[in-house]
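Participant: All chains should be modelled from the sequences, with the hints used to inform the complete structure.
Number of protein chains: 2
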Amino acid sequence: MCPHANGDSLPVEQQDMVPVNGLSSRPSPAKTNGINGTNGVNGHSSRSRSEAPKNPYAPRYADFLSNVSNFNIIESTLREGEQFANAFFDRETKIKIAKALDAFGVEYIELTSPAASEQSRADCEAICKLGLKSKILTHIRCHMDDARIAVETGVDGVDVVIGTSSFLREFSHGKDMAYITKTAIEVIEYVKSKGIEVRFSSEDSFRSDLVDLLSIYQTVDKIGVNRVGVADTVGCANPRQVYDLVRTLRGVVSCDIEIHLHNDTGMAIANAYTALEAGATHIDTSVLGIGERVGITPLGGLVACLYAANPEYVKSKYNLSMLREIENLVASAVEVNVPFNNPITGYCAFTHKAGIHAKAILNNPSTYEILKPEDFGLTRYVSIGHRLTGWNAVKSRVEQLQLELTDEQIKDATAKIKELADVRPQSMEDVDTVLRVYHTGIKSGELVVGESKIFDKLLSRHRESSASPMGRTPQPVDAVA
Amino acid sequence: MCPHANGDSLPVEQQDMVPVNGLSSRPSPAKTNGINGTNGVNGHSSRSRSEAPKNPYAPRYADFLSNVSNFNIIESTLREGEQFANAFFDRETKIKIAKALDAFGVEYIELTSPAASEQSRADCEAICKLGLKSKILTHIRCHMDDARIAVETGVDGVDVVIGTSSFLREFSHGKDMAYITKTAIEVIEYVKSKGIEVRFSSEDSFRSDLVDLLSIYQTVDKIGVNRVGVADTVGCANPRQVYDLVRTLRGVVSCDIEIHLHNDTGMAIANAYTALEAGATHIDTSVLGIGERVGITPLGGLVACLYAANPEYVKSKYNLSMLREIENLVASAVEVNVPFNNPITGYCAFTHKAGIHAKAILNNPSTYEILKPEDFGLTRYVSIGHRLTGWNAVKSRVEQLQLELTDEQIKDATAKIKELADVRPQSMEDVDTVLRVYHTGIKSGELVVGESKIFDKLLSRHRESSASPMGRTPQPVDAVA
Numbered sequence: 001m002c003p004h005a006n007g008d009s010l011p012v013e014q015q016d017m018v019p020v021n022g023l024s025s026r027p028s029p030a031k032t033n034g035i036n037g038t039n040g041v042n043g044h045s046s047r048s049r050s051e052a053p054k055n056p057y058a059p060r061y062a063d064f065l066s067n068v069s070n071f072n073i074i075e076s077t078l079r080e081g082e083q084f085a086n087a088f089f090d091r092e093t094k095i096k097i098a099k100a101l102d103a104f105g106v107e108y109i110e111l112t113s114p115a116a117s118e119q120s121r122a123d124c125e126a127i128c129k130l131g132l133k134s135k136i137l138t139h140i141r142c143h144m145d146d147a148r149i150a151v152e153t154g155v156d157g158v159d160v161v162i163g164t165s166s167f168l169r170e171f172s173h174g175k176d177m178a179y180i181t182k183t184a185i186e187v188i189e190y191v192k193s194k195g196i197e198v199r200f201s202s203e204d205s206f207r208s209d210l211v212d213l214l215s216i217y218q219t220v221d222k223i224g225v226n227r228v229g230v231a232d233t234v235g236c237a238n239p240r241q242v243y244d245l246v247r248t249l250r251g252v253v254s255c256d257i258e259i260h261l262h263n264d265t266g267m268a269i270a271n272a273y274t275a276l277e278a279g280a281t282h283i284d285t286s287v288l289g290i291g292e293r294v295g296i297t298p299l300g301g302l303v304a305c306l307y308a309a310n311p312e313y314v315k316s317k318y319n320l321s322m323l324r325e326i327e328n329l330v331a332s333a334v335e336v337n338v339p340f341n342n343p344i345t346g347y348c349a350f351t352h353k354a355g356i357h358a359k360a361i362l363n364n365p366s367t368y369e370i371l372k373p374e375d376f377g378l379t380r381y382v383s384i385g386h387r388l389t390g391w392n393a394v395k396s397r398v399e400q401l402q403l404e405l406t407d408e409q410i411k412d413a414t415a416k417i418k419e420l421a422d423v424r425p426q427s428m429e430d431v432d433t434v435l436r437v438y439h440t441g442i443k444s445g446e447l448v449v450g451e452s453k454i455f456d457k458l459l460s461r462h463r464e465s466s467a468s469p470m471g472r473t474p475q476p477v478d479a480v481a
Numbered sequence: 001m002c003p004h005a006n007g008d009s010l011p012v013e014q015q016d017m018v019p020v021n022g023l024s025s026r027p028s029p030a031k032t033n034g035i036n037g038t039n040g041v042n043g044h045s046s047r048s049r050s051e052a053p054k055n056p057y058a059p060r061y062a063d064f065l066s067n068v069s070n071f072n073i074i075e076s077t078l079r080e081g082e083q084f085a086n087a088f089f090d091r092e093t094k095i096k097i098a099k100a101l102d103a104f105g106v107e108y109i110e111l112t113s114p115a116a117s118e119q120s121r122a123d124c125e126a127i128c129k130l131g132l133k134s135k136i137l138t139h140i141r142c143h144m145d146d147a148r149i150a151v152e153t154g155v156d157g158v159d160v161v162i163g164t165s166s167f168l169r170e171f172s173h174g175k176d177m178a179y180i181t182k183t184a185i186e187v188i189e190y191v192k193s194k195g196i197e198v199r200f201s202s203e204d205s206f207r208s209d210l211v212d213l214l215s216i217y218q219t220v221d222k223i224g225v226n227r228v229g230v231a232d233t234v235g236c237a238n239p240r241q242v243y244d245l246v247r248t249l250r251g252v253v254s255c256d257i258e259i260h261l262h263n264d265t266g267m268a269i270a271n272a273y274t275a276l277e278a279g280a281t282h283i284d285t286s287v288l289g290i291g292e293r294v295g296i297t298p299l300g301g302l303v304a305c306l307y308a309a310n311p312e313y314v315k316s317k318y319n320l321s322m323l324r325e326i327e328n329l330v331a332s333a334v335e336v337n338v339p340f341n342n343p344i345t346g347y348c349a350f351t352h353k354a355g356i357h358a359k360a361i362l363n364n365p366s367t368y369e370i371l372k373p374e375d376f377g378l379t380r381y382v383s384i385g386h387r388l389t390g391w392n393a394v395k396s397r398v399e400q401l402q403l404e405l406t407d408e409q410i411k412d413a414t415a416k417i418k419e420l421a422d423v424r425p426q427s428m429e430d431v432d433t434v435l436r437v438y439h440t441g442i443k444s445g446e447l448v449v450g451e452s453k454i455f456d457k458l459l460s461r462h463r464e465s466s467a468s469p470m471g472r473t474p475q476p477v478d479a480v481a
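Line by line, the protein sequences are chains X and C.
Position 88 of the first sequence, counting from 1, maps to 88 under UniProt numbering, and the rest follow consecutively.
Position 202 of the second sequence, counting from 1, maps to 202 under UniProt numbering, and the rest follow consecutively.
Treat the hints as calculated values from the structure; they're not laboratory data.
C-beta atoms are modelled at their ideal positions from N, C-alpha and C, and glycine is treated no differently.
It is possible that some hints are incorrect.
To be verified - DSSO-like cross-link-like pairs, simulated, lysine-lysine; straight-line CA separation at most 30 Å: (1) Lys175(X) x Lys411(C); (2) Lys192(C) x Lys129(C); (3) Lys96(C) x Lys416(X); (4) Lys175(X) x Lys416(C); (5) Lys175(X) x Lys129(C); (6) Lys416(X) x Lys315(C); (7) Lys175(C) x Lys416(X); (8) Lys182(C) x Lys99(C); (9) Lys99(C) x Lys129(C); (10) Lys175(C) x Lys372(X); (11) Lys411(X) x Lys182(C); (12) Lys443(C) x Lys457(C); (13) Lys416(X) x Lys129(X); (14) Lys411(C) x Lys395(C).
As the list claims (entries may be wrong) - Covered by chain C, according to a simulated footprint, are these stretches of chain X (three or more residues, beta-carbon under 8 Å): (15) 284-295; (16) 298-306.
Facilitator: As structure tokens, then:
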């Protein structure tokens, strides 16, 4: 059993007592170039001991391989994202997206190969000239022609890729490993000679021969590549495979390790998290995950799981309250809706419904929340107008309405709300009406606890005397703001 | 390094050569009740040796703990799903959903507690009377009052839950472990005395004291519970934590192990997969993942990752071509859109765009696909009207249009498509126009390869003589049907 799960047995108050041997954390975006030697232990471990509030969701023990609190994001909306079926970015849109990502704080922005088309080349040059803080990369085939075009655009680095699996070698480019290695060396040395960063990535790494793969990575590491890239191009990998491959690679190369994960089986976020645990240093993302097919690790989802592990570190690196705006920008550019169940920004990501959930949330949001909505500029809601509601949630609304009712009376009113909600969803206005009529009845002496039929009469009388709009969708009530 | 990743180094043709010691696989929905003793090795291992086609995405070696090819789905759309903010299911809708899930083939359907409201109770009884093949469960608090109501509805089993974390013990029900254990025993023995299945689950398991947790699971296992449940109620777990906790539990209890995973950080699918690898037997899902906040492991996503591991097993259990219909049914009932990036049914899950992808897909779909669209009643598309297109994809369209062009001519026409797509996305109709005009020009002798300006003139002339509609969105072309 690994230390992580054992850690679950620690009482909360002991969870930040992590032995860290005096090594300091690295809260700022890390330019590592080595096998954790420069990384030290996880930033979160030493950090949480001295500064951060207790975080029961964080990894518990220092894991010397893990970069969960020491990573860089390579944001590929303008490269992988352009391969999304609906994507057509004109220059103005590309620049808007690049500026937004830069303001959010991603360490790298990756652009479509300037060899793809004349407009791609011109747009790449234009973005390089914006003077963004994020480093600008472009992504090219492992070919000297493409490399020559790329280095002339003014990019800070070039991401080189070639398919290494037997599938791609047979059905795509048709080259053998000797040819791949020879070309890779030529391209890498050329890019390096221009004084900019270079990454070498295999494609379809999880279906490549492991020995071939490690051999070529070792070769390019020795000639001084900045990063090697592992790519789950078809989305076939699972977390344990990712952990094992990255961990093995961590022992073979001394350069940084980037990972690119497709999301065909919905595991791209977890695979990215696990890759960091195994020692990867750079994660590829795109906004909303857009890319080929169902895309890659989404920026928002990655931020969600890394925030859960170490909120302070993630907050120190990224402007989290911009996330919704960036997602809306890209969603609009590619004409899709933000998924209802998107991590963080999905429209009910912070809505609590069941009675027992609502009760506990009102007592302490940490009971059912690992992400603080306020850290993302968002708000928590407790939904109460439904048959699963509980009197604690209703009590919170009673207090917001400044009605004076005892707990016994609130329980009585809650029973009526559940009864009505069994027939039809109750909007917030419906719930408020029930509570106000109940309150008036109690105060006037017409109503006492348990007199359901009298209450029904009071409600009918109220309805006759007013035209209460009844919404179809239950309206959430903000229970904390 | 675990055998999984090492397996990546096996040549494709050796991947099904798995030593299985003569144990037989269990392809049918499994009612296991024991520590893998009845499971044998993974079904997929022995199965693939003799029957199934080679599957390079599958786990490579027999893993004696793994139930990736031996699991049951507990479909909770009508319980967890009812806790989704937008959900209001009337009886007719509940019955439609239950029948659809039954036809799909899920082993269990879980319903809201009949103690939640009068309508919930009546609906539960009605669904029990449908005579479905799926077993019907209901989900109750660990309380005798709820248990008495539950067993009278006619369900096949009762899922009992109680919060065990210090958070929930403090801020929700306020009970200590001694009280929890005493009540659990009373409820379990009562349900068992009625001759139906009973599961005991902790809530918020990943923030519960490990010793408390194992202790109560061991106790209820000894008195004969059918399943123990592990729940990541707040969505804080990551794959390695899930693996470790389930694997530890697998050594402590002999009953089945169910897992319930919230998706707040987008890791619920991967966590479910990893739980099966660690020996879990039952996975909770809901359609599109609907539930509290952003919900739980989605049925479609779970099916996607398990299909990738063992297509034959998953196809033998479930009616996969119904997936889209079930998702549409539930999406419509709760008034959401199916996310554009949903595994399998997302609207471009099988759309390939980049030139190198399109080329390889046309040669062999396995190069970039781990899911066969036809197994889900869906179709593959290759998108070609954009600046990232390649001549191989265009050639496929030329063949569909039955135009006679040489490869050199197709490359020439492709250059024009890229040039036009740099300015504005090209619809399929636009692309077809380019190809037809090119073809006519070549056949008439007006055009030869490389004469871009002449081609422009021919295109202008064509546009003047016809009103070609120009769509905003690139139209995918079915390249294989």
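Participant: Please go over all the hints and tell whether each is borne out by the structure.
Facilitator: How the hints compare with the structure:
no.: 1; hint: Lys175(X) x Lys411(C); result: 21 Å, holds
no.: 2; hint: Lys192(C) x Lys129(C); result: 21 Å, holds
no.: 3; hint: Lys96(C) x Lys416(X); result: 28 Å, holds
no.: 4; hint: Lys175(X) x Lys416(C); result: 28 Å, holds
no.: 5; hint: Lys175(X) x Lys129(C); result: 62 Å, violated
no.: 6; hint: Lys416(X) x Lys315(C); result: 47 Å, violated
no.: 7; hint: Lys175(C) x Lys416(X); result: 28 Å, holds
no.: 8; hint: Lys182(C) x Lys99(C); result: 37 Å, violated
no.: 9; hint: Lys99(C) x Lys129(C); result: 12 Å, holds
no.: 10; hint: Lys175(C) x Lys372(X); result: 26 Å, holds
no.: 11; hint: Lys411(X) x Lys182(C); result: 28 Å, holds
no.: 12; hint: Lys443(C) x Lys457(C); result: 16 Å, holds
no.: 13; hint: Lys416(X) x Lys129(X); result: 64 Å, violated
no.: 14; hint: Lys411(C) x Lys395(C); result: 9 Å, holds
no.: 15; hint: 284-295; result: holds (count 7)
no.: 16; hint: 298-306; result: holds (count 4)
Hint compliance for this structure: hints 5, 6, 8 and 13 are broken, all remaining hints hold.
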